[in-house]
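Asks: What follows is the residue order along each chain.
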Amino acid sequence: MKLPGFVNLFGAWFLLALIPLIILYFLKLRRPKMEVPSLALWQSVVNDQRVNSPFQKFRRNLLLLLQILLLCLLVLALMQPFLQADAEVAEYKPLLIDCSASMSATDEFTGKTRLELVKERVRAQIDNLTGDQRISLFAFSNTGRRLTEFSNDRRALLKALEALQATDMPGQLDDVLRMAAAYTRTFPIKTVTILTDGNLPDQVDFELPFSLDVQRVDAGGPNVGITEMSARRSGPEEWEVFVRVSASSVDLRGAELQLWEDGEQRESHQVEVSNEESERLVFPVTANQTKPLEARLVPAGFDSLAVDNRVWLTLPAARPLKVWVSPKLASWRHAVRVQPNLDLEESETAEPRGAEYDLLIVDEDGAGSAEAPVKLFVGVVPSDLQELIKVEEDVSSVVDWNRTAPMLRHVQLADVQIGEQPRLAVGAATKDLEERGYEVLIDGNAGPLMLQRREGLSVSYWFTFHTDRSTLPYRVGFPIIAANVVEAALKQASLSEVVAAATGVLPPISVDANRSYTIRTPDGETLSAEANVAGTLDGIAASRVGRYDVMDGSNIVTSIGTGLLSGTETSLKPVEELRFSELTVATDEAKQLDSDKPFWWFLALLAFGVLMFEWWYFQRARGVMV
Amino acid sequence: MSDTAPSQLTTLFDNSTLNQIERMRLKPNRRLTNRARGEHLSGKGGSSTDFADFRDYVAGDDLRYVDWNIFARLRRPYIKQFQHEEEMHVVLLVDASTSMLFEDKMLRAKQLAAAFGIMGLQNVERVSAYAIHARQDQPWMLPPGAGRTRIRKLLKFLEGIEGGGNIPIEKAIETMLRFHRGRGVAIIISDFLTFGDVSRPLNLLYSAGLEVWGLQVLAESEIHPNVQGDLRFVDSETQETLDITNASELLNVYQDQRIWLQNALHSMCRSRQGRFMSVSSGMTLPTILFEHLCRQGWILR
Chain A
1 MKLPGFVNLF GAWFLLALIP LIILYFLKLR RPKMEVPSLA LWQSVVNDQR VNSPFQKFRR
61 NLLLLLQILL LCLLVLALMQ PFLQADAEVA EYKPLLIDCS ASMSATDEFT GKTRLELVKE
121 RVRAQIDNLT GDQRISLFAF SNTGRRLTEF SNDRRALLKA LEALQATDMP GQLDDVLRMA
181 AAYTRTFPIK TVTILTDGNL PDQVDFELPF SLDVQRVDAG GPNVGITEMS ARRSGPEEWE
241 VFVRVSASSV DLRGAELQLW EDGEQRESHQ VEVSNEESER LVFPVTANQT KPLEARLVPA
301 GFDSLAVDNR VWLTLPAARP LKVWVSPKLA SWRHAVRVQP NLDLEESETA EPRGAEYDLL
361 IVDEDGAGSA EAPVKLFVGV VPSDLQELIK VEEDVSSVVD WNRTAPMLRH VQLADVQIGE
421 QPRLAVGAAT KDLEERGYEV LIDGNAGPLM LQRREGLSVS YWFTFHTDRS TLPYRVGFPI
481 IAANVVEAAL KQASLSEVVA AATGVLPPIS VDANRSYTIR TPDGETLSAE ANVAGTLDGI
541 AASRVGRYDV MDGSNIVTSI GTGLLSGTET SLKPVEELRF SELTVATDEA KQLDSDKPFW
601 WFLALLAFGV LMFEWWYFQR ARGVMV
Chain B
1 MSDTAPSQLT TLFDNSTLNQ IERMRLKPNR RLTNRARGEH LSGKGGSSTD FADFRDYVAG
61 DDLRYVDWNI FARLRRPYIK QFQHEEEMHV VLLVDASTSM LFEDKMLRAK QLAAAFGIMG
121 LQNVERVSAY AIHARQDQPW MLPPGAGRTR IRKLLKFLEG IEGGGNIPIE KAIETMLRFH
181 RGRGVAIIIS DFLTFGDVSR PLNLLYSAGL EVWGLQVLAE SEIHPNVQGD LRFVDSETQE
241 TLDITNASEL LNVYQDQRIW LQNALHSMCR SRQGRFMSVS SGMTLPTILF EHLCRQGWIL
301 R
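Just so you know, the protein sequences line up as chains A and B, in that order. Residue 349 in the numbering used here is what sits at position 349 of the first sequence, and the numbering runs on without skipping anything. Residue 57 in the numbering used here is what sits at position 57 of the second sequence, and the numbering runs on without skipping anything.
Calculated from the structure, these hints are not laboratory results. Any given hint might turn out to be false.
Some residues of chain A that are not near chain B, with every Cβ distance over 12 Å (derived) [unchecked claim]:
(1) Ile-23
(2) Leu-63
(3) Cys-72
(4) Gly-111
(5) Leu-164
(6) Glu-207
(7) Arg-266
(8) Asn-275
(9) Arg-296
(10) Ala-367
(11) Glu-392
(12) Leu-413
(13) Ile-480
(14) Pro-508
What follows is a set of in silico ranges between Cβ atoms, one per label pair, in the way DEER data are often shown [as the list claims (entries may be wrong)]:
(15) Tyr-25(A) / His-224(B): 29 to 35 Å
(16) Trp-615(A) / Thr-284(B): 43 to 49 Å
(17) His-224(B) / Leu-27(A): 32 to 38 Å
For each residue, glycine too, the CB sits at the ideal point set by N, CA and C.
Chain B with its partners taken away, still in its complex shape (with noise of 0.2 Å):
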């Protein structure tokens, strides 16, 4: 379960690999952020020391951003606009259901989360987490917070979701957006496998003023499924059975419905300025973070 020994910080990751998440940022498409001060510069005009434009003076505007030179010569006052430097807020969304608990999807999800948090965090970003289960003994979100002490929060919170539970994917995004207030990033991590229309969600998201970033997280088995002969499949969530004949036969047209899957989750995310990507669990953090994530341009070394 875990890859690091106990004197580490966390559980999910080693050290080294922690450091070299610590200097990573994320990479949003747009420069959605809030009002309150943080090193991400707003798409507004603000008051940091950065000129960003000149415009018109209308009533009612602040005097001392007139621009007296310019007054001077062409005796029209002209307002300096500077870039204004705000927050984004990251929203890591864990899928925690008990479809996440085969093989690897689980750690591999929580290791992205606490790699997106920490870099967040580092970054002076507000950072909120959200795990989708069902336990009720177990906390299902982390407050929005930042600052480097909350770190320890976030792994924290992140280390104890041990998940369970039948909880569709865009009905959890729905019950977070009734908790959620800020513009950002909202970073999905699921394995997307759900009966359900993930489209309304997704536009949910993006009203609310969030870049959706998918992260599908597939295991070994659900890719390259190894099965043959007449088969009863079990839903792991829901109990339901779905009985199927010469499963070996039906391999391609289980990889076209994958790829079919991916393709329509990309386009969704792409249609709303967002992100989306599919791992295997097979891969280590590493190879998905320095490799895949930092060749797509997720994440800034």
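If we strip away everything but chain A, and leave its shape as in the complex, we get (with noise of 0.2 Å):
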């Protein structure tokens, strides 16, 4: 059994108030003087063992032991007693509060979120805040904020509590525990206190400095959204929608899945799906320009999360690609050539006339102003690893390739010979390529044959060696290479696979550039964004599920959809356990948060209680009360 602590241990000096307490009782007792002719039988009476029984001599000093009893219970209260919830008393407490989209999900019979069960736990703990309790509140989805400093100031906390809310995107740890982390240098914190819905990534990349209590609150009801949506090319001007829908019931959920176009509903389709099941629609759609499309999804019953219910996608306005290969390099533009939806400069010039375009191919000549998101450099080692990388006149082979590389897929590169051998400098190794921003994809036997760097929005990929000086050109996998970069365009143009876009940051738009323009969120708040340069405007928040109007004044630009897009979140599935790097943690359910008890409170109500007890018994005895 724990024994209770005090807050106000200085309180106990008051208990020294129970020395003239029981002076003033016995000089201040103002008994009625009765004069009687002999105290003998008195005496008698007084000395009688029935009167001097433990209860009797209880009576007789009732009113002194009562007022006792008031000051003890009294001056305890003072002391603020609190019942602890551990050995020892945790002076900092941070509070780690899942704000992911599966928190909003509501229970089916109270009609409570999971955020709002978490706020009860939590503000009960602020309530029993003892004095030298401090708790600071962070909240996590795919990131961490902090919400309040460490505090005992219940009202900053507790207002902090309240203007918390449910994100729309999944929950991620990593982030907010490098958070509280840091607080470990300047706090002594020993327990970091979670509290979640379990349902979280059970891979967490990071070592714990603390020990975790990972609490949650009870699974949410059951559930069905949309998961996934992405279209594919299909032909020039065609598109095939697909749709992912999934579930958290065991049981199967039906739901009316809808396609709207331009705020018309151009589809519908009933799915019935369970849990660990997810059924996969496709809805051919006719494009040759940009058509904005937004599934929506129509729960047959009860439906736990509502903001997974609702995903957008915008399909780019049909175009062929924009390819510029460099004149010499004739066995890149012959195989290029062949690829569909696809328009080559035919130019024998050595530079690109136009000034943007979807691929480039070139050598060491370069292209001049031209840019493109994604260029193919051969023969060219990259300036910035000139001093790393020394091309010598010799042969070379290829040692490994990464095979799980877009670039390389389905290429066999095994026995190619090569005229040229890049090699790397004395002293350097891999490290120092990553480090500059090089992935190498091909290594070769002195040194990288092939290089890939993303810089932003554009991925390069870098030919150490002239394909031209080797047997590539001959092989099976050089056209493979040619499409594979004709692919990688084609994607990054948008222009043959289009994803719709997950809450958390919107993909890069394209606009103006160096121009301000007005983000109009879901909520209806909004942001100010600075197109950069390029003509893109990157890195703008998106925390919640809807349309995003690009508006430059009054005027829409163009708009760009979210969605949650997340299978763990619609699951709504808490995880049993987070694997971290060297240890696991239980999460568990039954566990509420614990907190110290004050209860000052109820030594004061009974305080209260004594005072009455004693008003009514005296008051009683003397035939004032009937």
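Dock chain one against chain two, each of which comes alone in its own frame, and use the hints as you go.
Replies: Laid out in structure tokens, this is it:
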């Protein structure tokens, strides 16, 4: 049994008031005097064993005992006792509150969301806060944010708690744990408490510097939602729109999936899914220009989570891929030309005529000032790697290649003979390349043969050897590589495949360069954003599911919609344990948020009861009360 | 204070009551008498005309008491014994301490003492009276005397007792015994509310040849106290205090203690061949005398 603790131990000094109380009791007890002939009989009465029985003694000094009891209760209440939740009193308690989309799942019967349940627990924790305890509130979804500093200001804590709302984003622990870990350097934090519904990735890339107390509320009710929406070009103006519907319930859940175009319902389809299963539906759509689509799911019964029932997807306008290939790279030009939906600039000039392309395949002569989101350099070592990679006149061969890279998918490079030998400088290593943002796709016997680098939206591929000085153009893999690079360019230009944007950050939006725009969010709020030199708006936070309008003044330039699109969130399935780098932490539904429970109010109430009893008893004895 | 008119013989009771008292006499359990001749028959052989018994003659006996008729028949001398009439000493001990000043206790005690004294004097007994008080200005003792002429002195002595002070009954008895000579009856009229031990003075009385008659006079407020709540009792004699909480709830114990005290005093007196009775000061004198005392055999009508 844990002994109660006291917040205000100095209050015990008030127990010294017992001394004057007892003295005053005997000094100031105003008993009516009554003269009797002799005390002999009354003295014998007082000495009688019955009168001196413990109970009778107690009754004789009942007033004093009640007053002592009253004082003790008041002093104890003043000392602010509390029942300790843990063996030792935690002074600093970081509470990490899950605000991911699944926390807005409602209970079918109570109508309360998971977040409301968590708030109730945290509210009790704040109400029971003792004097030397400090709480800091953190909220997390896909990222973490601190709501309050460590504080015992109940009003401020409750205000921050009440303002907390669930976001439309999936939950991730990493960020918020790192934030909490940062606080361990300045505060003696022993345990960090996570309040969640358990709908989190079970693998967390984090080394815990503190003990973790994961407490979860019960899982939400049945739910059905859209977890995936994408479109793939099936013809010059034909698209196939894929929508995946998942459910959290074990039982089959029925719903009507509707596809809306420009505010009009175009198609609908009945789906029935159950837990661990999903149904993928395909809608053929014709679009020769930009077309916004919206998938709506109308559940047949109770649906715990509404936020995953709507997803937006914008189909881009149909156009051919704009490609320029250096005139010297005849093999590449020949391989690219055969690809469909492609506009290859047939020009014998050394530099492209246009300024913007979707794909540039260039040699050491470069492409002038032309830009493209996908570039392929052949026989070129990046300028910032010149000191690390030297190309020597020697024969080299392929040692290994990244088979999972999209660029090298379905490509066999074994036995390719290369007449040049890119060689890493003495002392240089692959990590030096990686530090400069390059990823090695093909390793040669002396150095990297192919590199990849991503810069923002653009990606560039670098063959450090000239393919014409190798047997690669004669291999089956060469046209495949050409097809892969075209496919990458198509994807980058959203011409072959487009995926609905998930909440979090809006995908880059192409607008006029160096201009200011206003983003109107689904909540009705407006954000300001500045287009960069390349004419893209990026890094725009999108925490809500819905349509985001990019406005230039009062004109809508373009719109982009987001959806939750998280199978984990839609499933509402709690993880039983979280696996960290070195240990596993169980999530416990039954475990309640343990807090120190003050009971000074109970003692004060008891003191009031004693006071009332005393008043009643002695008034009754004197016959005042009937 | 007075039950009688000024023309009465005494202020303690009226003449009709006096007349009734004069026709009564005390009825002691034992025949404890003095050598002086009186109207009480002595237990010893005497010279009265009433024959008592015979006994063998021993050398030195007065030959005048030899029964010559028996000697003539039996040829052996027998001494004829006669009952000896001697006077009995009646000692009246009236508690006049402060505790007796409550309600009618003092008056009733003086009336009873006067009644007992008159009965003794009317029957040619020696009567002495002692008042237990601490008043220096008042007599505390009436020397022994006999004869009807002592009645007025006795009444005057008793009427003059005002009482007061704190003298325990046991000490008063011991003091009295230092002055007293003679056998008879010691009538103690008191409330017997003392912290001391009464058994020792009773033993002394018994040893002194006095039959102990204890008459406890209690006020109505002592028999049925009407108290409640938290009180501070003040002893009228010592001014000592005693705090009582919820006095009303202690009344049962109080009654038990009062009955226990009566029983203890009764037992002490009976074991010394005496008598004990407790009366209320609220009773009238005739009621006490003619109903209770007569019925209990203390006095004869």
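Asks: Hint by hint, note whether the structure agrees.
Replies: Hints versus structure:
| no. | hint | in the structure |
| --- | --- | --- |
| 1 | Ile-23 | holds (16 Å) |
| 2 | Leu-63 | violated (8 Å) |
| 3 | Cys-72 | holds (21 Å) |
| 4 | Gly-111 | holds (59 Å) |
| 5 | Leu-164 | holds (60 Å) |
| 6 | Glu-207 | holds (71 Å) |
| 7 | Arg-266 | holds (93 Å) |
| 8 | Asn-275 | holds (74 Å) |
| 9 | Arg-296 | holds (82 Å) |
| 10 | Ala-367 | holds (110 Å) |
| 11 | Glu-392 | holds (114 Å) |
| 12 | Leu-413 | holds (107 Å) |
| 13 | Ile-480 | holds (108 Å) |
| 14 | Pro-508 | holds (90 Å) |
| 15 | Tyr-25(A) / His-224(B): 29 to 35 Å | holds (32 Å) |
| 16 | Trp-615(A) / Thr-284(B): 43 to 49 Å | holds (48 Å) |
| 17 | His-224(B) / Leu-27(A): 32 to 38 Å | holds (33 Å) |
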